[in-house]
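Asks: Chains as they are written, first to last, in our numbering: chain C, 3 to 336; chain X, 22 to 275.
Keep in mind that a hint or two might mislead.
Unchecked claim - Partial chain X-side listing against chain C, Cβ under 7 Å, derived:
{"no.": "1", "residue": "PHE35"}
{"no.": "2", "residue": "ALA95"}
{"no.": "3", "residue": "VAL98"}
{"no.": "4", "residue": "ARG99"}
{"no.": "5", "residue": "GLY101"}
{"no.": "6", "residue": "LEU123"}
{"no.": "7", "residue": "GLY133"}
{"no.": "8", "residue": "GLN134"}
{"no.": "9", "residue": "PHE136"}
Honestly, the hints are just simulated from the structure, not real lab data.
Quick caveat: nothing in here was measured; it's all calculated off a predicted structure.
Yeah, the Cβ is synthetic: ideal placement off N, Cα and C, and Gly gets one too.
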Amino acid sequence: MAVSMDQSLTAPSLVKRLADSGLIGVFAIVLAGAMGYLLMPNNLALLTQIVAVALLVLSIDLVTGYCGVATLGHAALFGAGAYGAGIAAVHFGITDPVAMTAVGLLAGALAGLVSGLVILRAHGLAQLVLSIAVIHLFHEAANKASGWTGGSDGLSAIMPNAFFGLFEFDLWGRTAYVYGVVLLGLVFILLQILVRSPFGMLARGVRQDQIRIAAMGASSHAVLLRMYVISGAVAGIGGALSAISTQVVGLDSLSFTLSAEALVMLVLGGTGSLYGAMIGTVVFMLFEDTLSAANPFHWLTVVGALLIAVVLFAPKGLYGTAVALADRFRRRPA
Amino acid sequence: MTPVFEVQNLNKKFGGLVVTNDVSLSMAPGDRLALIGPNGAGKTTFINLVTGNLAPDAGHVQLSGEDVTRMRPAQRVRRGLVRSFQVTRLFHDMTPEEHLALAILQREGRSGQMFGHYSGRVRVMDETAALLDQLGLFDLRHLKVREIAYGQQRLLEIAMAMALKPKVLLLDEPAAGVPQSETALVEAALDSLPSDLAILMIDHDMDLVFRFAKRVVVLAAGTVIFDGLPEDVTKDSRVREAYLGSYADAGSTA
Numbered sequence: 003m004a005v006s007m008d009q010s011l012t013a014p015s016l017v018k019r020l021a022d023s024g025l026i027g028v029f030a031i032v033l034a035g036a037m038g039y040l041l042m043p044n045n046l047a048l049l050t051q052i053v054a055v056a057l058l059v060l061s062i063d064l065v066t067g068y069c070g071v072a073t074l075g076h077a078a079l080f081g082a083g084a085y086g087a088g089i090a091a092v093h094f095g096i097t098d099p100v101a102m103t104a105v106g107l108l109a110g111a112l113a114g115l116v117s118g119l120v121i122l123r124a125h126g127l128a129q130l131v132l133s134i135a136v137i138h139l140f141h142e143a144a145n146k147a148s149g150w151t152g153g154s155d156g157l158s159a160i161m162p163n164a165f166f167g168l169f170e171f172d173l174w175g176r177t178a179y180v181y182g183v184v185l186l187g188l189v190f191i192l193l194q195i196l197v198r199s200p201f202g203m204l205a206r207g208v209r210q211d212q213i214r215i216a217a218m219g220a221s222s223h224a225v226l227l228r229m230y231v232i233s234g235a236v237a238g239i240g241g242a243l244s245a246i247s248t249q250v251v252g253l254d255s256l257s258f259t260l261s262a263e264a265l266v267m268l269v270l271g272g273t274g275s276l277y278g279a280m281i282g283t284v285v286f287m288l289f290e291d292t293l294s295a296a297n298p299f300h301w302l303t304v305v306g307a308l309l310i311a312v313v314l315f316a317p318k319g320l321y322g323t324a325v326a327l328a329d330r331f332r333r334r335p336a
Numbered sequence: 022m023t024p025v026f027e028v029q030n031l032n033k034k035f036g037g038l039v040v041t042n043d044v045s046l047s048m049a050p051g052d053r054l055a056l057i058g059p060n061g062a063g064k065t066t067f068i069n070l071v072t073g074n075l076a077p078d079a080g081h082v083q084l085s086g087e088d089v090t091r092m093r094p095a096q097r098v099r100r101g102l103v104r105s106f107q108v109t110r111l112f113h114d115m116t117p118e119e120h121l122a123l124a125i126l127q128r129e130g131r132s133g134q135m136f137g138h139y140s141g142r143v144r145v146m147d148e149t150a151a152l153l154d155q156l157g158l159f160d161l162r163h164l165k166v167r168e169i170a171y172g173q174q175r176l177l178e179i180a181m182a183m184a185l186k187p188k189v190l191l192l193d194e195p196a197a198g199v200p201q202s203e204t205a206l207v208e209a210a211l212d213s214l215p216s217d218l219a220i221l222m223i224d225h226d227m228d229l230v231f232r233f234a235k236r237v238v239v240l241a242a243g244t245v246i247f248d249g250l251p252e253d254v255t256k257d258s259r260v261r262e263a264y265l266g267s268y269a270d271a272g273s274t275a
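Kindly generate the complete structure, drawing on both the sequences and the hints.
Replies: Structure representation (structure tokens):
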């Protein structure tokens with residue numbers, strides 16, 4: 003057997019191996035979580051919302067970044083999880099936060115299955131249009147079913163129980179925040195296993211060449227639909243976290259605006275990487291919060307300019323560009 | 022021997038143009054068949070009809086006695102009908118090792134597994150390494166496909182087909198784009214394929230065809246005009262006419 007060439011050229015670097023195993027990610031989530039807790043103790047509600055939206059952006063990354071499906075309707079999956087958890091608490095008395103999260107997960111997965119069945123029938127532009135149709139249908143359904151959802155007033159009076167009877171959901175949102183960071187860490191580990199698995203590899207193949215996938219005897223549609231259900235579960239957990247922490251679910255959680263903003267966050271951070279999805283969310287939402295406080299009238303202009311700059315000068319997103327630069331630096335002969 | 026692969030009266034028209042005209046063909050296990058013909062004879066259309074990428078207007082395709090005419094391409098692949106592409110179709114962001122591991126896992130029905138990395142599966146890695154080594158790709162196994170030369174991509178294309186362990190293998194110009202220095206690797210790879218595998222190869226390289234094929238089928242204007250031994254093909258008057266005469270003549274003799 004041929005002797006391999008210089009190891010440094012062929013073998014993945016130590017940093018890359020650590021990143022692959024997900025340890026760096028978990029460490030980063032815990033570190034960022036702790037920093038947020040210490041640096042912004044009066045703003046934990048915002049931080050929890052960032053964690054919830056990060057779960058939505060991760061779930062978009064699964065279908066868009068890894069599988070190449072264009073969607074502007076992914077908040078349908080997030081909203082389904084939020085309403086699922088909220089309705090379970092208000093109408094069925096399921097107020098245990100973990101049980102509410104589980105209901106959100108299932109509702110999100112179901113919404114993923116339904117919207118996947120619709121959206122995956124088309125390709126390209128038609129697919130994008132179908133995804134917009136899906137989010138509007140979900141939005142309208144929630145609006146009309148006001149007996150269950152509270153309609154445009156929103157579903158309020160969601161009162162989650164104390165955690166294991168010990169940790170109350172306090173006014174400052176400490177419990178919700180810690181729960182959110184733990185959830186994000188767990189989801190990240192599971193997704194890191196998923197994207198490295200044979201199935202994750204198959205999904206990347208689907209994005210790159212569906213004809214080759216068929217020529218291998220695999221079904222692109224089956225891969226995409228399974229990924230849509232998984233993506234729904236992840237978004238559903240995010241929605242449930244949002245419902246638990248804010249104790250209210252509004253129609254905005256099922257909106258086109260949220261779908262589009264989450265996609266923008268993904269592009270900002272970089273598609274096709276779990277790190278990119280999370281970095282994009284944190285940067286966008288902190289930026290949005292800071293700017294809108296500093297200048298309530300023109301902050302959207304600045305956000306728009308930032309996006310244009312990223313798309314023009316760092317088309318792989320913040321994380322993708324950083325990795326590309328690091329690669330170039332590493333390959334340069336010392 | 023019973024045919025492992027059989028095509029009966031296959032027909033396909035694009036508008037008014039007949040591209041496949043009543044083509045019948047059968048192959049036994051171990052066949053080495055070359056499908057040749059002038060440009061535009063309908064060779065690639067024939068492959069696309071057989072693999073299910075195009076639907077025929079009439080006719081049947083059978084695999085080990087089973088009618089697969091209405092099946093989707095992927096279903097046919099799972100039954101052992103595998104093709105390679107004339108222009109390489111690979112995953113540009115993936116490495117040769119990942120390609121072959123994925124193909125092997127897919128063959129074993131384990132490509133849907135959602136945990137573990139392929140490198141932890143010893144048998145998959147051994148088989149991957151053996152294939153890489155056989156095609157001279159071992160040193161490139163960790164490079165992305167877009168970083169390796171086109172000739173090497175062609176070799177990986179063949180390795181992908183081999184990894185699926187087909188019963189019938191359709192090779193669409195396997196040597197197209199392979200540099201002269203590496204065609205020996207392609208030929209060695211073809212020689213090493215299991216002797217009971219039925220192979221149908223399309224190619225323009227007559228040297229390769231004559232070295233490889235035990236049987237030659239000539240297609241002209243969508244019609245089979247010759248089916249016989251390689252040594253007889255150049256003596257056949259219709260074949261000469263198809264290659265040397267005008268297309269109109271070839272069509273009128275059909």
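Asks: Return the numbers of the hints above that this structure violates; sort them in rising order.
Replies: Numbers 1, 5 - these are the hints that the structure violates, sorted from lowest upward.
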